[in-house]
Every structure is written in structure tokens, then in C-alpha cells.
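S.K.: Just so you know, the sequences run in chain order A and B.
Per my numbering, the first sequence starts with residue 1, numbered consecutively.
Per my numbering, the second sequence starts with residue 1, numbered consecutively.
Treat the hints with caution; some may be incorrect.
In silico SDA-like pairs for lysine to any residue, Cα to Cα no more than 20 Å straight-line [as the list claims (entries may be wrong)]: (1) 116/B to 148/A; (2) 28/B to 160/B; (3) 116/B to 135/A; (4) 162/A to 124/A.
FYI, nobody ran anything at the bench for these hints, they're computed from the structure.
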Amino acid sequence: MKGLDTAYMWDLVPIILGYVPLTLGMAIVAMAAALVLAAFLAILRVLRVPVADQVVAVFISFFRGTPLLVQLFLFYYGLPQLFPAMTSIDGITAAVIGLTLHFSAYMAESIRGAILGVDRSQWEAAQSIGMTQGQLLRRIVLPQASRVAAPTLMNYFIDLIKSTSLAFTLGVTEMMGAAQKEAAGSFLYLEAFLVVAVIYWIMVELLSVGQRWMERHLGKAVAR
Amino acid sequence: MKCEIDIAGLVKRFGPTTVLSGIDLCLKPGERVAIIGPSGTGKSTLLRCLNWLDRPDAGRITLGDLSVDAAHASRAQILALRRRTGFVFQNYALFANKTARQNIMEGLTTVRGWNKARATERADEILAQVGLADRGDSYPAALSGGQQQRVGIGRAMALDADLLLFDEPTSALDPEWVGEVLDLIRSIADGRQTMLIVTHEMQFAREIADRIVFMEGGRIVEQGPPAQIFGDAHDERTRAFLRRVT
């Protein structure tokens, strides 16, 4: 058995780190878009908007019921067959859109649960002073629901960061793609994938520390 | 004298059960009316219908120039009705994500469109009025039941509503907090605010109300001045109820 080529690993670190901005960028854009979409879907479901409610239910069922990789392939390689205009979409855009749709389905369900967890009396109190549906959601219900949903949503963000590695299968050179390319040149697969694994791991750990700090901090502010 | 608030033929059903079977009630400006009666006779439902928290199935509610017909009430009418009827909940129902001051300000800024400076000033006046000038920055979870209910009353007062509705405002309170809340309601009543109050505090009702309404089985059985209802009720059902509770 050969030992690990640690010198090679150290050389790889800055190369892989160079792709962290792309990975984080895709994750942040997809997360922001997914949050907005998920909140919207959750509200349609909570308010039981006719037709939209059923459409959203099918949307959520599909994106939770099929693997992310399959969804990305369908989107990037499959759909252009039907819509030739989609051929011009690059891998990064396709990955971000795919991740957005996939994670919005999961996040919509946890946001919906959090909204339903807000006490009925909070809705009534807001209605009683004459707030519109939009005002009561924006000012009373969603702020309370988001505190409940925050830890779960943070977990989805962590999952999302790791899932950006699948963009590699759409030909995007992100952290995973870069590691694969390096390994293909040097044949040092173990070293390359270990480096990329450790960098993901550190990113996620840093986020978890931030999450714990935020939860303590938010909890204090409202003292509940 | 003309009615300030006129309720006509109000009906509310929950599934097969008729909870309100045609309520007619006229409140004169500044009149303070207490509704009494056994549990489950529709007293709270009547109040909730007046604030459209429960949607009446039939009938008409008229407040000055605003007339809302249950059969075809528009969204704008419902919002206007709610704006003009302040509701005080049994369980306070303060906004958990807002401080005491923000709870009172919410109706001023979001609903009435006041700017923040003006709303803050008014909220602080109301806080002083309900005896909580020093608790404006506290969140509901940090307040006692009595304090929460006083903020709840302040929130309803901030609307400058034509009618204040009190739905058993002291029923959820520990006995030690009942007095301070009743004192506050008494002081509001002294200002000749038109109010409708559902209560089990008979002594209190007798003291502050101009008129007592006795309800049973979704109907108004009898109404009149406190002295007459408590001293010489005409209806046997009223007398039986009062024997049980006093």
C-alpha cells in the first residue's frame, strides 16, 4: 500500500478553494430563490387557493418524489429536446434553477408546517384590527413562522451547498468538477477527493457554528 | 334617539346547529351594554360576528354610514367593519412577535396608515392610560396575564373604534389580575365609549352597564336596565339564571 501524497494534497487546496466562490454563489442564489418560491407555495397551500393548491401539491410531490440528479438531467439534457431555445442555457444556470425547484419543494412543506403552527388567535387578532390577508401574513404570521422554520431551513441550505456538487454532472467545473479534473491528470483520486471532501466539511461546520450562534441570539431577543 | 350601532336579524349557524337565531340589537351613542347568559348560548359568537371573525349567515350590521349585509358583504366592507369595532379577546391574543408598544402601534401604522412618529406618540399615551407606561418595550411573554389583557385593550382602543367588544375579558385571568382589568374597563366605560361586553362578572356588569341583555339558546330573552334585570326580571329563564350565578 502506498502512503498518501500529502504534498500533492497541499498543492490542491488552493486550486479547489478557488472554486469555493462559485459553489457558494450557486448555493446562495438557489437558496434565496428557493426561499421566495417556497414561501409563495406554502402560502398558496395554507390559504387553500383553489386550483393553485392542487397544482402546488403535485409540484411538491414530483420534486420530493424523484432524485435531484434525475431532475437536473431532465432539465438540462431532456427539456431542450422539446424546447430548442433551452439549448442555450449553460450548466450553471440549469443547476441553479434545478436546485431552486428541488429545494423549494422541501422548504415549502416546512414553511407550511411552521405557518400552521402559528396559533389561530394570532390570525384572529390581526384580522380583528382590520389587517388585510397580505398584511397579516407579512407582519404577524410569517415572522413568527420563520423563527420556527429557521433551523430546518438552515439544514436545507447545508444540504443545498453539498448538492451543488451535482452541477459537475452538467459539465460545470465547480469544486467537485475541479477535483475530478485534477485527479484525472494525476491519477491521485483518493488525494483529490479527500481534499474536496474536507473543504466541504469545513464549510458546513463553519455554517453550523454560525447557525447555533444565530439561534441563541434570536432566542434572546424575543425571550420566549 | 337613533341607533349608533344597529344589528338586525343576525343569524349564525355552525353546520346543523343554529347558534344565533335572529339577533336584533340597537346601541345608542355612548351606551354600555353587558350581555349575560349561560355558556354556549351564542354570546361570544354574537361578538365575533360583529367583528366578522365569524361570518354571519344572515342579517345586517349598521354602524353610522357603514351597512354590511351578511348576504353580500364585500372585502372592503368587512375590513371597514373590523376597523370600526375594536375586539378584546378572552385570551388576550397579543402579537407574540411584537412588543407591548408595537402591539398598540400595529393598528395605527399598518391599518390606519399613520407614520411611525405619530403612532409611537399615540401608543405611549395609550400605554400610560392602561397603566403600562414603563412596559412598552416588553414582549407579551414577559408580561403577566393582567398586563397582557391591558395591552390587548389598548390595542383595541388604538383603532378609535365606534364600538368596543369585550369577549369575557377576565375569564382567562388568574383571580389576582381580574381587578386591575375590570378597573381599566370601568375607566373606559366612564368615558362614554360605546361598548358591548360579554361577562360572567355579574356585579361588574350591574355596575358599569346602562343595559343588561340576557341571552339563551341563540336569542335575546330579555333586556333592560341593570336594576330591573337583577331586581325584577320578567322572564322566568332570566330569574333562574341569575339565581344560579349570584
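S.K.: Under the criterion that the straight-line Cα-Cα distance not exceed 20 Å, is the pair residue 162/A, residue 124/A satisfied?
M.R.: Status violated; Cα separation ~41 Å.
S.K.: Given the proposed pairing of residue 116/B with residue 148/A, does the C-alpha separation stay at or below 20 Å?
M.R.: violated (28 Å)
S.K.: Hint check: residue 28/B vs residue 160/B, CA-CA at most 20 Å. Holds or violated?
M.R.: holds (17 Å)
S.K.: Within a Cα-Cα threshold of 20 Å, do residue 116/B and residue 135/A meet the stated pairing?
M.R.: holds (16 Å)
Hint compliance for this structure: hints 1, 4 are not met, and every other hint is.
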